[in-house]
Amino acid sequence: AHTTHTHASTRHQELLCIFGTGDLGRSLGQRLLQTGYRVVYGSRRPHSCGLLPQGAQVRSHAAAAEPASLVFICIHREHYDFLETLAPHFKGKVLVDVSNNLKKNLYPEANAEYLQRLIPGAHVVKGFNTLSAWALQNGPSDANRQVYLCGNSAEAKEAVAEVATKLGFTVLDKGSLSSARELEDFPLQLFPEWRLPLRLAFGLTVFFFFYLLIRTVVSAYVEQGKDISFRIMASLANKVFPIVSLIMLSLCYLPGVIAAFLQLYRGTKYKRFPDWLDRWMLCRKQLGLLALGFASLHVLYTLIIPIRYYVRYRLNHTIPFDTTMAWRTDSYYAMGILGFGLYLLLGITSLPSVSNALSWREFSFIQSKLGYLTLFICTFHTYLYGWDKFLWVSGYTWYTPPGYMLSLVLPSAVMLLKLLLVLPCVDRSLTRIRQGWERSDPEDDSKNSLLT
Amino acid sequence: AHTTHTHASTRHQELLCIFGTGDLGRSLGQRLLQTGYRVVYGSRRPHSCGLLPQGAQVRSHAAAAEPASLVFICIHREHYDFLETLAPHFKGKVLVDVSNNLKKNLYPEANAEYLQRLIPGAHVVKGFNTLSAWALQNGPSDANRQVYLCGNSAEAKEAVAEVATKLGFTVLDKGSLSSARELEDFPLQLFPEWRLPLRLAFGLTVFFFFYLLIRTVVSAYVEQGKDISFRIMASLANKVFPIVSLIMLSLCYLPGVIAAFLQLYRGTKYKRFPDWLDRWMLCRKQLGLLALGFASLHVLYTLIIPIRYYVRYRLNHTIPFDTTMAWRTDSYYAMGILGFGLYLLLGITSLPSVSNALSWREFSFIQSKLGYLTLFICTFHTYLYGWDKFLWVSGYTWYTPPGYMLSLVLPSAVMLLKLLLVLPCVDRSLTRIRQGWERSDPEDDSKNSLLT
Amino acid sequence: AHTTHTHASTRHQELLCIFGTGDLGRSLGQRLLQTGYRVVYGSRRPHSCGLLPQGAQVRSHAAAAEPASLVFICIHREHYDFLETLAPHFKGKVLVDVSNNLKKNLYPEANAEYLQRLIPGAHVVKGFNTLSAWALQNGPSDANRQVYLCGNSAEAKEAVAEVATKLGFTVLDKGSLSSARELEDFPLQLFPEWRLPLRLAFGLTVFFFFYLLIRTVVSAYVEQGKDISFRIMASLANKVFPIVSLIMLSLCYLPGVIAAFLQLYRGTKYKRFPDWLDRWMLCRKQLGLLALGFASLHVLYTLIIPIRYYVRYRLNHTIPFDTTMAWRTDSYYAMGILGFGLYLLLGITSLPSVSNALSWREFSFIQSKLGYLTLFICTFHTYLYGWDKFLWVSGYTWYTPPGYMLSLVLPSAVMLLKLLLVLPCVDRSLTRIRQGWERSDPEDDSKNSLLT
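Protein chains in written order, with full-length UniProt numbering: chain S, 1 to 452; chain L, 1 to 452; chain U, 1 to 452.
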């Protein structure tokens, strides 16, 4: 940044032009002024176009573009047409297309490509559009640090990169203008990596809700004509949430195990994983966080039990005291609490700023070692809940197993597989594979490993 | 930074001078040394001035200033006078005033301006004072990334900017030395943006506390001579907190609605909002977080109910079971839990590192869409609490409505207004206005929109 | 970055070479390509070495090293020997050793030093090894922003620093190649600053567990032959956790108080603190967070009380109602809740991104003022729990005081000492000392203070 600074001073504060006095235009201008540039706005009504950052000049579009070698286009694509009339003024200048659309695939071609087509004489560069007006005004912050650029002229990109760098951003060159579409779609994404996990969570919730609804409420009504529909709000929810949570948690460790076995089977780590596995691996964090969310709801639902009208009503103390029962329930609760505590710890360490502050080894220690411990404790918690109910025939209403039993299948499987993987012999060869060894040609093992 | 690196190497490690061996001076020196500068400290007792970063030299003030072209003044303003005696040594040099005061407006003029007056021959630059010694020692971190500079000489600012950039900071030029006061006040601020919300929260809490105190404890004592003062600690608090929380939450969505109506009424977005509305909009986040705090307290207070001596004492099961009652209370609790869950989600996404990781669209989706959902569920939760109590005359002790009724006024109003805004016709024209369209001269609508 | 950009374009995209096609090599290459470099991989099997970032070339090691002036060595140390054969190709080139080991002190000398010994003709620079493959691929993020370099040739370090800067990282020069060992140990650290606090927490937990086990379960069995072992899971845990939490919290404020008294006693702040005190001060944050963890567990354990089989069983309402009792228990719970609330606030503000967003004054206000308030409320909470039990002889089973009494000793002491420190007279002289005044020679106080 320093050098650009000196440039700035030597060439007596470079002048930049901005078309459009909307939020984006204003914020950009303000930031440019702060950083030491001179700014001139192009406007249809130079004398009545709302409030602009002080220090900036305002002129007619033509007059504004004239002195500047670089023009930011902060206008909606719908109004580009009028720019065509200014084409001669743009000859050989750098036009930075900052525009975004309201929806994807609204237009056949990207805004920047459209602009280039309108004004062939100018060097169009797409960029800055991934930043919020807020980031433009207040400078780079954690995720708003990177500016993506693309364009056909290297010189033009250099010029824009210089400005971006001086504003404190890091520049990433995304190649030719043909990547403009990609850059314009970026800010329109809405939690792409959350979609799969959310769908999964929704599906599981719905399934288990109806499954349990039939087992409890419906069956009770059909067989004994009892209306216990009110249980839907609390009791049922408090059955569904922990089940979904446990399943999601195990789903977030399953792909890792599968990948390991795949590598063992193939005897190399240089073969690509199938796409579905890749996608699955990439949304493990989201799976885990959703699991945490359901677990938290489960905790809250559990804690209100004694306040519930229904429960208070039913309390009775006529049964004799049974120490085993006390042991069982208490350890059941204790496991639940410890499990939830670890759950929270995992959630906290997956906060960007926290995970960034951890060394790679620390992060993986928490997410893998403590993660499996969480899975184990939560599963154990569920087993304690079941206790000997497995044997009671009465539990299998209409020949369906209770929900918590179903929820135990997956986590138990995952932990079993993990156990296999940590067996010394298996672990050893897996480590070697991950260090680059390949079964294919064992004779020159050492050379092979160079590839790691 | 690279270029400055090369410079550094070419001119064989530039030498910088630091006056003052306090925490700030030491931290700054250490960081400068790490980054490849040579550092010399100016001290009254070169041979006995505590521990300094190794690699740094120490000399008398005069001897230290001599070889350096840039001197950092890390001394308390009280002791500037002695610098006057060194004026000749400072001729044409750059002095960086890093000092801060203990209080605002302690002195008629800013420290940096005072320094400039003492040593007219030097180029004084104010800067680095907004950074903590910690940030200076360990390099830039999220919010400690920006260095604000101001001074009358562009060249001097360039020189300091070069150092700052090499240390990894981003530089923001705040103009001439007259802004020094502003820079010196910055580190003295104590939650300026929290003041209004905190006052509001305090006011509401006090009001509702006494309001309910009179309605419950006092009236009970006066009318039935019963002493239920002990309820103040838990029952009363658990009435006040949710009420304040709900009101604060609606207060954080009210300004947005008002702004929208204002824009609709004015038919343009280019007129400035009244100041009170601007200020209100700027502290919405704080209002929301305080609301979350009160909600959390409400949750904890609710969860201890069954542990409370008083409640355990009163438990009785003589009443017949009533399904409607079960439905009502259970859904009441369920709504509370879900509302609180969303509340937490909003809180988590307003953590700097999380909100930074979200795209602009994702952030606004959560804070606005999910925000209104939270408001709705929490209000519904309160209505369920009221149920048919609205009709009971007995509820209106001393002709005052119960607290939760008062708390329902504002949120209901906000949601009603929001409903009006999302009506297709209203929504359409609002969107057009926000895209820059102005009612003033409808004939050339298209041109107008260029301004956006 | 801009200048490096221009360089890049002028010298038609500099070519860099990478040895090793493992995760690290691949990630690094991908990032380099994105930033505008050309990349060639050195591999034993140029035609079959897994998937490489598109745009990169692959050649034999010798052919790859030839055209590049800078070679990244992303190979495990075990296989360096083969590099010796390539020594002639490396003449005068810059070799960046990115390697890490699996354990500390695995080898007599650091990898980079070993590499330099193998290829004396090359300029070896150690660097980039502290970054995760993730950070290399996705660019700098909060804690992954800094690249540490060390090497014997300044020019070589400059060249690497240029690349690092262009990738968006901040460079820290750690001096000669002899610091390589330090850089290679860095990524192997596992929570070094957490070790002491964790040991402490573990020790305290174990001690109080057995202490209370003997007092309650064992004594009950020995004296009345009653088996209440089931209490271990919940009741006992819920006694141990709050005790440990309170002690840890006070331990995190004790060192500050000690330091203050030490400064008062010495009459200066320029004498170094004893090492044990320094170490203690450095892990205060961790102590506090662990205390928060235990407090959270305490809260959860307390909230499940009414759900517990044992408690439900014992509920009885035959005792007459006692207002004092109601007051006492309710305020006991209220204090607990408020204390926990503040506890959480402290925890949240110690999240990196949050504390970074605070000004120095705001941070210290929360961590010190609110911190002491938390300590006070939590201690008060414990005193309310004790109430008049101090006087009951029956409480002292086997002549041992109840656990909570022991837990009260330290916090009470800390608050007493703090009270002494805030006495006007003491506070005044402490402030003066912290501003640099020294008792040693009071006559020239003013000059002295220059050192601050």
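Hint data in this document are derived by calculation from the structure and do not stem from the laboratory. Heads up, a few of these hints could be off.
If chains are identical, the list can't say which one is meant, so a pair holds when it fits in one copy or spans any two.
[Unchecked claim] In silico DSSO-like links for lysine-lysine, alpha-carbon gap of 30 Å or less:
no., residue 1, residue 2
1, LYS271, LYS285
2, LYS93, LYS226
3, LYS418, LYS226
4, LYS389, LYS226
5, LYS226, LYS271
6, LYS418, LYS174
7, LYS91, LYS285
8, LYS104, LYS418
9, LYS91, LYS418
10, LYS418, LYS93
11, LYS285, LYS418
The model shown is predicted, which means the values in this text are computed figures rather than measured ones.
Status of the hints after comparison with the structure:
no. : hint            : result
1   : LYS271 x LYS285 : within (24 Å within a copy, 45 Å between copies)
2   : LYS93 x LYS226  : neither (80 Å within a copy, 85 Å between copies)
3   : LYS418 x LYS226 : neither (45 Å within a copy, 42 Å between copies)
4   : LYS389 x LYS226 : both (23 Å within a copy, 29 Å between copies)
5   : LYS226 x LYS271 : neither (59 Å within a copy, 64 Å between copies)
6   : LYS418 x LYS174 : neither (40 Å within a copy, 41 Å between copies)
7   : LYS91 x LYS285  : neither (49 Å within a copy, 46 Å between copies)
8   : LYS104 x LYS418 : between (42 Å within a copy, 27 Å between copies)
9   : LYS91 x LYS418  : neither (64 Å within a copy, 48 Å between copies)
10  : LYS418 x LYS93  : neither (60 Å within a copy, 46 Å between copies)
11  : LYS285 x LYS418 : within (19 Å within a copy, 35 Å between copies)
The structure shown violates the earlier hints numbered 2, 3, 5, 6, 7, 9, 10.
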